[in-house]
Structure formats: C-alpha cells, structure tokens
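Participant: Line by line, the protein sequences are chains A and B. First residue of the first sequence? That's 1 in the working numbering, and the numbers climb one at a time after it. First residue of the second sequence? That's 1 in the working numbering, and the numbers climb one at a time after it.
Hints should not be assumed to be uniformly reliable.
[What the hints assert, rightly or not] Coverage of chain A stretches by chain B, computed from C-beta distances (three or more under 8 Å per stretch; other residues unrestricted):
(1) 32-42
(2) 71-81
(3) 96-109
[Said to hold, decoys possible] Coverage of chain B stretches by chain A, computed from C-beta distances (three or more under 8 Å per stretch; other residues unrestricted):
(4) 27-35
(5) 133-141
(6) 248-260
(7) 341-350
Derived by calculation from the structure, the hints in this document are not laboratory data. Every residue gets a Cβ at the ideal spot worked out from N, C-alpha and C, and that includes glycine.
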Amino acid sequence: MTSAREIAARHLPDPDWPVAREFWEGCRVGELRLPRCRACGRFVWYPAAACPGCGGGDHAWTRVSGRGRLFTWVRVHRAFLPGYEGRVPFVTALVELDDDPRVRLATFLADVPAGGLRIGMPVAVAFEPVNDRITLPIFRCV
Amino acid sequence: MDLSRRIAIVGIGETRYERRADRPLMTLLLDASRAALADAGLAARDVDGIIAPGTTYQELHEIARELGVRQQFFTASGYSGGAAVASAPLLAALAIEAGLARTVLCCRGLAWGSERHGNVGQLHAEMPMKATFEIPFGWYPQAVYFAGMARRHMELYGTTEAQLGTIAVAFRRHAALSDNALLRDRPLTLEQYLAEPYLAEPFRVSDCCLVNDGAGAFVMTARERARDLRQPPVVVLGVGAGVSEDGEYASLRPDYLATAAVHSAPQAFAMAGLAPADVDFVTLYDNFTSMVIQQLEDMGFCRRGEGGPFVEGGRIALGGALPVNPSGGQLAQAFMLSMNNVCESVRQLRRAAGPRQIPDAEVGLVAGYSGSEHATLLLGRDR
Chain A
1 MTSAREIAAR HLPDPDWPVA REFWEGCRVG ELRLPRCRAC GRFVWYPAAA CPGCGGGDHA
61 WTRVSGRGRL FTWVRVHRAF LPGYEGRVPF VTALVELDDD PRVRLATFLA DVPAGGLRIG
121 MPVAVAFEPV NDRITLPIFR CV
Chain B
1 MDLSRRIAIV GIGETRYERR ADRPLMTLLL DASRAALADA GLAARDVDGI IAPGTTYQEL
61 HEIARELGVR QQFFTASGYS GGAAVASAPL LAALAIEAGL ARTVLCCRGL AWGSERHGNV
121 GQLHAEMPMK ATFEIPFGWY PQAVYFAGMA RRHMELYGTT EAQLGTIAVA FRRHAALSDN
181 ALLRDRPLTL EQYLAEPYLA EPFRVSDCCL VNDGAGAFVM TARERARDLR QPPVVVLGVG
241 AGVSEDGEYA SLRPDYLATA AVHSAPQAFA MAGLAPADVD FVTLYDNFTS MVIQQLEDMG
301 FCRRGEGGPF VEGGRIALGG ALPVNPSGGQ LAQAFMLSMN NVCESVRQLR RAAGPRQIPD
361 AEVGLVAGYS GSEHATLLLG RDR
C-alpha cells in the first residue's frame with residue numbers, strides 16, 4: 001500500500017479555506033470533527049449554510065468517533081492526476097460513519113485484508129500527517 | 001397545460017464524429033444546425049427559437065448571426081449536460097404552446113477531444129468541496145465516481161463484470177452498423193473485454209465513454225405544422241426532468257444508486273400516458289456501462305438490482321426485446337451528451353435507420369443525464 005502521504009502530495013487541500021479550516025485543524029490534532037446543527041443535531045455534510053434536516057444555520061464542529069463501515073470502494077489502476085504515476089494501484093473508498101450513517105467520507109483505505117473487501121466491513125480512522133498544516137484522515141480495515 | 005403530443009421533431013443534423021476535428025466547435029455547431037434545418041426543409045428565417053445548451057451568451061448570438069436568423073427569437077436555458085438535450089423539447093413545447101415561438105432549433109456540440117487533452121475531470125476538480133474532501137483522497141474523476149456505484153451494485157445485487165461487458169459488446173456491434181461511429185471498425189468480444197486491464201475497478205477502457213469532437217442539432221415545431229413538412233413527424237409524447245438531492249456530490253446521495261431518472265421517467269410516462277412496456281427501444285446516457293443498468297432500473301424497465309440479468313441474453317442488442325443505443329451510444333458512437341441518441345431515435349422512428357432499423361418501432365425513449373439531473377424524452381410516430 002502506497003502511503004496516503006505520497007499519493008496526495010500534489011493534490012492537497014487548502015487548509016485556510018474558511019469552510020473547512022476546522023476540519024483540518026481537527027485532523028492535525030488527531031480528531032475527526034464535522035459540523036453539526038445546534039438546533040436538530042444532524043450532521044451537515046458536506047458543510048453547507050443550511051442544515052439538511054431542519055434548515056438551521058447554526059452549526060458547531062463536533063468530534064466524532066471515527067468508526068464506520070465500508071460503503072463502497074474503487075481500486076484505481078490509472079493515474080488520473082499528474083503525480084499519481086508510479087503510485088497506482090491504490091484503494092479509494094466511501095465510508096459511512098457509525099455516528100450517523102448518512103455521513104459518508106471519501107478516504108484512502110489501508111490494511112486491506114488478504115481475503116478482499118466487502119461492503120459493511122468495519123473501518124476506523126487513522127491520521128497520516130502530510131506536512132505541518134495538513135493531516136489526512138484515512139481509514140483502516142479493523 | 002397538456003404538453004403531450006403537441007410538438008414534433010421535424011429535422012435532425014449531425015457532423016462527422018471525430019477524435020479531433022480540424023475545425024472549431026462553432027463551425028461544428030453551425031454545420032449540424034444547417035443540416036437539421038435542411039433535413040426539415042426549413043430555412044433560418046423560419047427559426048424563432050434557439051436552445052443551445054453549453055454555449056455562452058456570445059456563442060448563442062454568433063450561432064444566430066451566422067445561420068442568418070435576423071428576426072426576433074426566443075431562447076431559454078435550463079438543465080445541463082445530457083439532461084439539457086433530452087429536456088429541450090420540454091422548453092420548446094412550453095414556448096410553442098405559449099405562443100412565444102413556432103420553430104425551435106436545439107443544437108449541442110462538444111470539442112473535448114481537442115480541448116481537454118485527456119483531462120475530462122477538470123470541471124469536477126474546480127468544485128471546492130471536491131477539491132477539499134474528495135480529490136486529496138483519490139476520489140476522482142468520473143470513472144472513479146461511477147466505478148464506486150458499480151461496485152456497490154455488484155456487492156448488493158451480484159451484478160457481474162461480464163454483465164457490464166455484455167453492454168459494451170452490444171453497443172460495439174451496433175456501432176459497426178453505423179456509418180458515423182468512432183468505434184465502427186473496432187469489434188469487441190466479451191473475451192477481449194475481460195482481458196482488458198482495469199482503469200478503475202470494475203471499469204476497463206471499454207466501460208468508459210468516448211472523448212471526441214462533434215455536434216448535432218434538431219428542429220421542433222407544432223405537430224399540426226409538422227405534418228406539412230418534408231419528413232415524417234416524430235412526436236414528443238412526453239418529457240420529464242428531475243434533480244437529485246445533494247447536487248453534484250454523488251458520494252453523499254441518500255439513495256446512492258439512484259439517478260434523477262427516478263423523477264424524470266415517471267413524469268415523462270405520465271405525460272405520455274404510457275408505461276415502460278410500451279417502449280420499443282431506448283437510447284440511454286451511457287457515460288459508463290453500469291449507468292445503462294442503473295437507468296433501466298430507475299426508469300422501471302426492471303426492478304432495482306435486476307439490471308444485470310436484464311441486459312443478458314441479447315435483450316438489449318438489436319434483434320432483442322428492448323434494443324438499447326442502436327447507433328452505438330456514447331460508448332461506441334460518440335460522446336455527444338445524448339444529442340446522438342436524439343438523432344438516432346428520430347431516425348429509428350422515421351424507419352430510416354438502414355441496417356440498424358428496429359422493425360415496427362413506434363415508441364422510443366431518450367435519456368439525458370448530468371450528475372444531479374436527468375431528463376426522459378418519449379418520442380413516437382405520428383398517428
């Protein structure tokens with residue numbers, strides 16, 4: 001498994017984008033944080049001005065467990081972006097969180113078992129520092 | 001306002017489809033538009049409505065000026081991508097019924113072969129949420145988005161790679177019967193398909209649509225007027241358009257495997273007073289093989305999860321019970337955001353499709369898709 005650090009080296013997010021700053025700040029200190037509606041408690045993912053549950057606009061970044069289940073995955077063999085040559089194949093995946101399965105995260109998948117992958121497999125977040133500003137939340141099969 | 005059977009498609013035009021054209025996109029759009037008007041036996045002075053999805057303000061008026069449309073004309077834009085092409089008859093029917101236009105031209109061209117240099121995901125990379133929460137994790141581009149759906153479909157319902165391959169093989173056979181298909185001379189067997197290396201599992205190169213240059217156009221007018229024109233009218237029986245929750249972020253969609261065809265198809269069938277069993281052939285938005293399965297399910301041709309077995313046994317090939325994409329579609333003819341599918345459906349219903357002709361074709365369905373949008377268009381012979 002190529003490390004997430006190498007794969008993402010040329011395609012890193014902007015840690016200063018205000019919409020996602022809290023997300024990257026959480027990852028840097030080893031916490032997965034998502035915006036949650038203060039009115040109804042629903043996670044607002046991806047971040048948006050209006051809560052998908054009640055339309056409320058008051059959201060608080062909230063730490064979640066980082067445990068989840070494999071929703072789907074793709075083993076990528078072709079370097080679709082510059083910088084991925086020599087780094088394929090890798091497994092990218094969607095994970096649904098135990099905290100609320102309506103929340104899905106795109107992530108790299110690590111520790112893929114020899115017996116292969118199945119949807120619904122338990123996964124847990126792990127943090128891979130890329131540089132002093134950005135740490136990527138990847139998920140491991142557990 | 002009842003819009004069923006009020007307007008007809010009276011002219012179609014297509015350029016040659018090419019990997020890279022030797023002339024600019026504007027020339028392709030004008031060539032296709034002129035061909036569609038000539039096919040209808042109409043002239044630019046007859047056009048008082050122009051729907052040109054994907055064009056800028058400047059391009060729209062350049063089309064009008066170059067064609068010679070000097071009079072006042074109605075214009076409208078709405079849905080995007082393939083949904084724009086398949087829903088253009090909805091806008092045209094509204095305009096014609098409201099007395100805002102009599103003759104509406106819809107044209108759509110693409111020069112991704114020349115312009116995108118293999119970087120077809122650029123539009124997605126420009127979206128901040130995708131650039132932040134997806135691309136840094138390798139979830140990019142379209143081949144990955146749709147492979148994710150295909151994988152989940154396979155896991156939940158037992159859909160197989162051979163079933164995906166059956167779709168690619170059928171459309172390639174259809175393209176071999178077309179004189180304007182990019183992969184006309186590139187036959188494909190299931191064995192060859194299965195031997196191709198993966199791009200993004202479960203997709204191989206033959207699961208993915210083409211990248212090319214070209215343009216197409218069609219002309220619409222009131223059904224009564226259509227009867228006086230050169231070609232047999234192809235009547236707009238019904239048309240519907242819908243959108244998915246969570247917009248462009250397919251990874252978040254509550255019903256991950258549903259396209260907005262679950263909204264557009266019931267609208268179109270209700271307007272037409274028809275059901276899937278009444279349809280003789282369909283032209284689907286085949287950006288990837290698995291989308292044929294997803295749309296057949298979403299539109300009610302089979303139940304969710306049954307799309308894999310449904311495409312087996314020759315059912316979707318010419319000669320089968322429900323031929324799909326008889327000109328080769330976007331997998332084997334050209335990626336034209338369903339414009340090629342509209343033109344082929346009209347040819348089939350005119351009974352002018354030559355070696356691809358579906359005997360006794362009375363009702364055809366055209367689907368157009370654009371991420372969060374889907375349009376369903378039901379066309380039929382004038383009766």
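Participant: Are the hints correct? Go through all of them and say.
Facilitator: How the hints compare with the structure:
| no. | hint | in the structure |
| --- | --- | --- |
| 1 | 32-42 | violated (count 0) |
| 2 | 71-81 | holds (count 10) |
| 3 | 96-109 | holds (count 6) |
| 4 | 27-35 | violated (count 0) |
| 5 | 133-141 | holds (count 9) |
| 6 | 248-260 | holds (count 5) |
| 7 | 341-350 | violated (count 0) |
When held up to the earlier numbered hints, the structure conflicts with 1, 4, 7 and fits the remainder.
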